Amino acid sequence: MGRSPLWLRIIVLLYVGVLVGVPLVFVFQQSFAHGASALWTALHDSSMGNAIDLTMRVVLLALPVNTVVGVGAALWIVRHPSWLSRVVDRLIDVPLAISPIIIGLMLELAYAQNGWLGRPLAALGLRIIFSYPGIVLACIFVSLPLVTRQLIPLLREIGSNQELTAASLGAGPVRIFLTITMRSIMWATAYGVTLTLARILGEYGAVLIVSGNITDLTQTLTLNIGANFENYNAYQGFVGAGVLALTSVIILLVLGVARHRERKRHEHLA
Amino acid sequence: MTAHSFPPTDGPLQPPRKGWLLWPFHTLSRRMGQGVAVTFYSLVVLIPLAALFSNAFNDGWGFFWKAATAKEALSAYKLTIICSLIAAGVNAVMGLGTGWVLARDSFKGKAILNALIDLPFALPTVVAGVTFYTLYGPKSPVHLTLTGTWTGITVAIVFVTLPFTVRSVQPVIETMTFNAEAAAATLGASPWRVFRTITLPTLLPAIVTGAGLAFARAMGEYGSVVFISNNLPFRTEVASSYIYSLAAAGDPVGAAATAVTMLLVALAVLVAVSVASRRLVKGH
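The listed protein sequences derive, respectively, from chains A and V.
According to numbering that gives the first Met the number 0, the residues represented by the first sequence are 0 to 269, in order.
According to numbering that gives the first Met the number 0, the residues represented by the second sequence are 0 to 283, in order.
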């Protein structure tokens, strides 16, 4: 008992190959469909350049915020249980279950210039919706739990004996956090941060509503791909899609390394 | 082990205070951390959620009900729920098979198969959307046109939700011992009967959890579906696309009412799944 029959292996390989492998190869094939010089021109498209620029700036703000919040929230939930942290623990996955379109709508209703928070902010001269802060907010929302849910089971499992030992030997809290806590959750954090990056880079529905999709101003790379495709400029769209597909393959490799390292650390301890 | 038993009390070391562990949440910084966390969570999640509900009921119950049960809304719910159910079912069966092969077999290229499973999580939905539209569109290179059909929508959803069941089933299969199966086989049970009566019940909680998560995700899918669906109102318009069209047409109350309805359905599914999988674990 145990090994699967050959027919099952063939079916699974065909299924995953047709469903996932073929589309992946097809994206790259479409990007190269008109030759190298056309690809070179398309890569230097100014609107796509601006979209990549904006996407990078969004990542640079949203990713660190969600990393710090994610690690902090996991430590808080595991190490300092209270009724409040238990409520947060229960609700942690909620942002993942809400449609991105609904997330975008929620943010627009709250932060538009006539919304609850939008009105006082507009009085201060801050524009959230149809602008950079709104896009960052949407990306933070959609990827909020990804770091925390990697860390909670791990922190529960490793317990706090090592930290107690270090504290008894006179190590300060900062030193304990950096040399012990962070060391043992490093690869799990890397895994969560990479998932967060993938989610931010790929966000479409929420950003579509919140950004207003203004070319060269509030258009992220995913929106740029969609817009090119809808405007009968499919090739340009596929070049952008190829860039993102290449990025996601790299992300998969990083995820594989992080998972491998985490498993090794686990075996080492056991 | 509790903090009191460590370190040994006969040594020169002082027992550590538990507060050290709570960094950065001890004493003053703990209070501050909690305050920052609550403010952050409120600004990002809670206030927007409240704004959604407030807008949905802005013009009273009558308007909410009218918007939530508009004809176009009802056909969008129906399409979304049916396609999501089919996709979750396909993924339950194929996810079980894929998880089994990944957990029990070793062959050349298994690492690639394992990595491909996670691709739908890493690949932006809009990339999947334009790819499926071109691959199975009017100018399909494989001569298979699925645009504007429920089949096309379901294929896109199956792709996006592929990892859920595989990743919930695979670790359970990896740690399974097959003693009961072996015993049943020696007593003359056929492989199919062993699978149906022993293996499947063990795996059922994991399958239900994975399929439930896939269903919840499928209900809200937009980027991967919107291109291949052609977005025909009453026929191939999924719920999130309908909500978007309302919001874009300047009807925030209608959009919010429909969104609240979809949220409640998704929430109900998540609760049902967690209750069901807990019952299945207990019953086993």
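Just so you know, the hints here were simulated from the structure itself, not pulled from any lab data.
Remember, it's a predicted structure, so these values are computed and weren't measured experimentally.
Heads up, the beta-carbon is just placed ideally off N, CA and C, and yes, glycines get one too.
Warning: the hint list may mix true and false statements.
[Said to hold, decoys possible] Simulated DEER-style distance windows between Cβ atoms:
1. A:Val-256 / V:Trp-60: 50 to 58 Å
2. A:Leu-216 / V:Leu-266: 57 to 65 Å
3. A:Glu-229 / V:Ala-179: 34 to 42 Å
4. V:Leu-199 / A:Thr-40: 21 to 29 Å
5. V:Gly-59 / A:Val-17: 48 to 56 Å
6. V:Ser-189 / A:Glu-229: 23 to 31 Å
[To be verified] Coverage of chain V stretches by chain A, computed from C-beta distances (three or more under 8 Å per stretch; other residues unrestricted):
7. 68 to 78
8. 255 to 268
So, going through the hints one by one against the coordinates:
1. A:Val-256 / V:Trp-60: 50 to 58 Å: holds (54 Å)
2. A:Leu-216 / V:Leu-266: 57 to 65 Å: Violated, since A:Leu-216 and V:Leu-266 (Cβ atoms, about 36 Å apart) do not stay within the stated range.
3. A:Glu-229 / V:Ala-179: 34 to 42 Å: Violated, at about 56 Å.
4. V:Leu-199 / A:Thr-40: 21 to 29 Å: violated (55 Å)
5. V:Gly-59 / A:Val-17: 48 to 56 Å: At 50 Å between Cβs, range holds.
6. V:Ser-189 / A:Glu-229: 23 to 31 Å: violated (55 Å)
7. 68 to 78: Coverage by chain A is violated here, the residue count being 0 at a Cβ distance below 8 Å.
8. 255 to 268: holds (count 6)
Hints 2, 3, 4, 6, 7, counting from the list given before, are not met by this structure.
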